[in-house]
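S.K.: This is what each chain is made of:
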Amino acid sequence: MIRLTNVHKEFENGTKALKGVSMQIDDGEFVFLVGPSGSGKSTIIRLITGELEATSGRLMVNGYNLSDISVQQIPLMRRTLGVVFQDFRLIEKKTVAENLEVAMRAAGATAREIGRRVPYILGLVGLEGKEHMLPTQLSGGEQQRVAIARALANNPSVIIADEPTGNLDPDRSLEIMSLLEKINDMGTTILVVTHERELVNRFGKRVVAIESGRLISDAAGGYYRNGR
Amino acid sequence: MEGNQALYHLREGFRSIFTHGLMSFASVCMIVACLLIMGSFSLVAVNANSMLTDLERDNEILAYVDDDFTDPESLQSRIEAIPNVTSATFISKAQAMAEFKSQQDDPSLFEDLPSNTLRDRYQIHIDDIEQMEETVKLIGNVSGIARVQAALEIADGFVMVRNVASAIAIILVVMLVVISVFIISNTIRLATFTRRDEIAIVKMCGATNWFIRWPFMIEGVILGLVGAVIAFFVQWGIYGLLGRAMANSGILSLIDTIPFTNMAGTVLLVFLAVGFVIGAGGSALAIRKFLKV
Chain V
1 MIRLTNVHKE FENGTKALKG VSMQIDDGEF VFLVGPSGSG KSTIIRLITG ELEATSGRLM
61 VNGYNLSDIS VQQIPLMRRT LGVVFQDFRL IEKKTVAENL EVAMRAAGAT AREIGRRVPY
121 ILGLVGLEGK EHMLPTQLSG GEQQRVAIAR ALANNPSVII ADEPTGNLDP DRSLEIMSLL
181 EKINDMGTTI LVVTHERELV NRFGKRVVAI ESGRLISDAA GGYYRNGR
Chain X
1 MEGNQALYHL REGFRSIFTH GLMSFASVCM IVACLLIMGS FSLVAVNANS MLTDLERDNE
61 ILAYVDDDFT DPESLQSRIE AIPNVTSATF ISKAQAMAEF KSQQDDPSLF EDLPSNTLRD
121 RYQIHIDDIE QMEETVKLIG NVSGIARVQA ALEIADGFVM VRNVASAIAI ILVVMLVVIS
181 VFIISNTIRL ATFTRRDEIA IVKMCGATNW FIRWPFMIEG VILGLVGAVI AFFVQWGIYG
241 LLGRAMANSG ILSLIDTIPF TNMAGTVLLV FLAVGFVIGA GGSALAIRKF LKV
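Protein sequences, first through last, are from chains V and X.
First residue of the first sequence? That's 1 in our numbering, and the numbers climb one at a time after it.
First residue of the second sequence? That's 1 in our numbering, and the numbers climb one at a time after it.
I should point out that these hints are in silico values taken from the structure, not numbers from a laboratory.
A couple of the hints might just be wrong.
Stated by the list, open to error - With a cut-off of at most 25 Å between alpha-carbon atoms, the simulated BS3-like pairs for lysine-lysine come out as follows:
| hint | chain 1 | residue 1 | chain 2 | residue 2 |
| --- | --- | --- | --- | --- |
| 1 | V | K93 | X | K292 |
| 2 | V | K205 | V | K130 |
| 3 | V | K94 | X | K289 |
Let's have the full structure, built from the sequences with the hints guiding it.
M.R.: Laid out in structure tokens, this is it:
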């Protein structure tokens, strides 16, 4: 579960990225976080992943209070999350399987656990037979599937996807979003940051809208449908 | 760290050396260059120190026996019992005169000199030149010794030269180690810079700082040790070449250098230790900045 309570974030240069945001994402939910560029979406993601510290307010992520988290606990908190980025961020010199292995090793998995889980996840995301290929040998859609597989590697309770379809064509975008929906059906909480109106409306999930650092709407069924 | 993880880190460390071959090569070159500069300077200092020690040994004290003393040779054991004295050689009046005459261009001029013109004497060598003044006093206190002659100013000069040389050697070696760590850390930082995204990705997956540090440290240590071994053999070659060149030259051939084989073990150990420290230290310094994710 993710809960933000009156969270403010002001950067050193004086930019106020978030101005008292409060929201809660319960276990098993599928949530779209939408808003124009510079609205504060990415700041929320970076706060949740522990990359940034809130200036004030309270932030709970999977039982960890990020306002009061120790440096040693941050890796443990991150193991409960899986993060997918717009630019995939795969390690190009490692094969598909090795990209997953690194994520699992980072969380302390043994070789046996890795040997069992990697083929299972690659099957789940539709990448059977591609385990020995390098990311550069794959298409954009396939690379994003590898990124999702890596995010799933440590069996996280929440997957955060920051503009996961930003670099993909409409058909591949739909495939990726459908894959995330499938993962959500298996019980994993999904938070997707996007500004792709059609895609958001097509899936009819809960949509949280943010603008100028403030939460302006939180509704089920597609925010863009209401004329904005 | 579990054995499983240790093997993984070792594998990653080794693999990284080859996947970033050019940076590894640059790092090894830097380590070799730094070790060679440090090593060459240290070897010059060691040789200078050895030469000073030899010169100190040649710096003898002469103790003249009182003419009224009836058994001059009995003083030997008392002189040798004085702390810091390593040897005392008795030279009789006749031996002293013979030696004096042999040093003259025309010994026949001194043929008529009576054999008791010169005094009986002891030629004394000491261990620590810094305590020469004190030792001279103790020798002078031995009853039967009329006068002690020692080149105290020269001894002081040696002590000063040695102290200054040691201080300069220590300062330079420390400076070179610091500069080396800085250069190596910058080289490794350059290598790390290309992998900053990789580090950020792994941190996002929940890696601890040590999980990220280990392969880099292992990589740094391997490069440091490889650099040390290469530097050792290059140093050996340079030392041999210079030694031979000096032996074949004019004045420089008088300088008696220490054979490299006498120091090889120590040089290799020091190089390996320094290579280890600058490899591990350089990696740790280089990666510090990228861990803040």
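S.K.: Given the hint that K93 of chain V pairs with K292 of chain X, does the C-alpha gap stay at or below 25 Å?
M.R.: Within the cut-off at roughly 23 Å; holds.
S.K.: K94 of chain V and K289 of chain X were given as a pair; does the straight-line alpha-carbon distance stay at or below 25 Å?
M.R.: Holds, because 24 Å separates the two Cα atoms, which is no more than 25 Å.
S.K.: Checking one constraint from the list: CA of K205 of chain V to CA of K130 of chain V, max 25 Å. Satisfied?
M.R.: violated (32 Å)
The structure is inconsistent with hint 2 alone, although it conforms to all the rest.
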